[in-house]
Amino acid sequence: MPAAGKVLATSLVVSAAALSGRAMAATPYISIPTVTVNQFDLTNPILGAQTLGPSQVAKYGLKTSNTADILDGILGGSVFKTGGVSGFPVVHGLMDDQLHVSYGGMQLNSACPNHMNPILSYLFPSQVGAVTAYTGIVPVSVDGNSIGASVVVHPAPPKFAMPGKTRVSGSVGGYYRSNGSATGGHLAASIANDAFSMKYSGDVSHASDYKAGGDFHPSGPAAMGRSSIGGDVVGSSAYSTSNQQIQFAYRHGSQLADLSVNLQDIPYEYYPNQRMDMVENKSTLIHFNYRDRFDWGNVKLHLYHQDIHHTMDFGSDKQYMYGTTSGMPMKSHGHIDGAKLDGTIHLDSANLLRTGLLFHSFRLNDYWPPSGTGMMAPNTFDNINDGHSNRYDAYVEWRGQWSSQWSTLMGVRSDTVEQNAGEVHGYNMMYNMQAAAFNAQPHKKTDRNWDWSLQAKFQPTAMQKYTFGVMRQERSPNLYQRYTWSSMPMVAVMNNLVGDGNGYVGNLNLKPEVAYTAVLSGEWASINHGLWKIRADAYLTQIHDYIGEQCAPGTTCQAGKFNVLQYVNQQARMSGADASGKVLLAQTRTAGEFFLNGKLSYIHARNTETHDGLFGIAPWQGKVELAQNTAHWDNAVDVQFVGAKTNVSSIQSEPQTKGYTIVNLHAAYKTGNVTIRAGIDNVFNRLYYNPQNGVYVGQGMTMMLNGIPAGITVPGPGRSFNIGFDAHFA
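Heads up: the sequence shown runs through residues -25 to -1, 1 to 705, numbered per mature numbering (1 follows the signal peptide of the UniProt record, and there is no 0).
FYI, nobody ran anything at the bench for these hints, they're computed from the structure.
Fair warning: there could be bad hints in the mix.
Taking lysine to any residue pairs in the SDA-like style, the calculated list, with each CA pair at most 25 Å apart, reads [as the list claims (entries may be wrong)]: (1) K419 - L483; (2) K633 - S550; (3) K557 - K598; (4) K598 - A611; (5) K508 - Y35; (6) K134 - Y265.
Starting from the given sequences, assemble the full structure and let the hints guide the process.
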């Protein structure tokens, strides 16, 4: 843990203890009820949603520092692994910008040519209150500019005391995982009366390179001039992070206003599937939220601003010196401003209208300072100069309750995206021809996108429910897909959003992606919903103008090698099914309840223009879990499995992967306000390769296109012994 993190953690503990001590010294201890207002409503989400409540989310604090891993708890959801805290949520084969992912009403952009800082990387798992996921039909009221599922992450709501009372509360927790010597801690302290609430929270995490379940590369120096690593060490998988948040909330009657400030400082986060590593990410995120309830409905207002300073270079496992050139510094500076207004109108007891407006602005400068006196000098390289993307959205949505059995939800959304970028230049005259060609083209783009959705729910009895629907979604290319301009291999390999080791160049002629999706879902349960329940979903998505890849103009692609590719519009189709189930096996007085839980997902994803598979998709994956619950204990053994992937993306030189299974053990003991958790991941230390881990480029001469071997998938972590705790006071 870095010195700053240790000081932060120590000061937080001391401050919280002092605050609690003074409060208890002043008055005798009295248990004061807490009032939680405007809690996320998980009992009545919008039609078709899956939810993870606070108790389900809390279990991930020991398992991971990567908040995106919570998506493993969603049927049809998984994670594409990148850095230790920056994974991409994946739903039905789509990920990153193809999905809508929001936190507290905000949808943030990655300010990095490798998308190392996606929205969930700004959160520690302890900051998440609940998750709502729309993996089938996405209501237009949730958001736009995506072609897949919507993942809505809710912060924990503010808490207030009863009238005339003051309440001090807080929590502290920590964990240790043996693989990579991963450590982390979180602390929160709050004080509130019946009208005002103030809360501070802080999180730190640190890990060294993790080990796979066996050797997958030769042992020795990680790169020229670097220290030696073992053959089972996954190079460039270390990280160190720090997040802090302060929140102020005020309530009056039915009104609630809160203001939060999030500060992030990542001194380093290394990436085994990218040529570069993050060596700094500093973010300031300010969010104002207001809501009110009326007899006729409610309104919600979100205002937010984020300032991002992001730096990349070669980390400790990648070659740093190239002749007289030391490293390759790359910087990104992003500004995000947004306003979102949502209203709900109760037309009558059976009809509800939702409507809203959105403005979202993203400004980006991505520039690479000169290094040395050779190819990367004497000028600063403009990767994206004065890039900006503005969104202007409006939507209307109607929910109708036709009878006790039938209900419908339909809506339409207009999403106008305006993008532009300034002129560029390279390090030196070698780049003049490509820069001049880019500068001569018009850069301003305006996309007028439309989304619509229609779904119906039929619930003939309390034991069964059926949902079916169709939707159209449209998504504009992001700034890196449109405005990166150089196909020089050394430059292109630094522009990569998917972790496949190839180089990428943008395309000013890209059109928005348009997806048409049909979904059918069924749920069945016992009368009391406690004995058993089953869910099954089937879906089909056809994507027009899918943003795929082709060999960059003027280059020749070699099979089995890394290549320079260009984004291009193509066609794609995805079809699949998900199933989950839970059954109560036994219920005893002494040993508690025994449950068998399981889930299974299948997807067939194909580029119908090239007849290739799509990169980074696991065709089969699932989990079976045997769980035991008592008054104090929650224990489980689970078996995770992923099927072999042979339908690969040949243009990206994607390696095939074999199927595998791994076994995990978990236990939790709760007494009073303290929970102690322990577990063993990958019990049998299996060496396995998940196609959603990307291609291994975590060591060696990563600046050169083929200075490192292609065709190696990043292996998953080997066996790890884990322990952690959470404690709450007041």
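What hints, given by number in increasing order, does this structure fail?
-> Structure breaks no hint.
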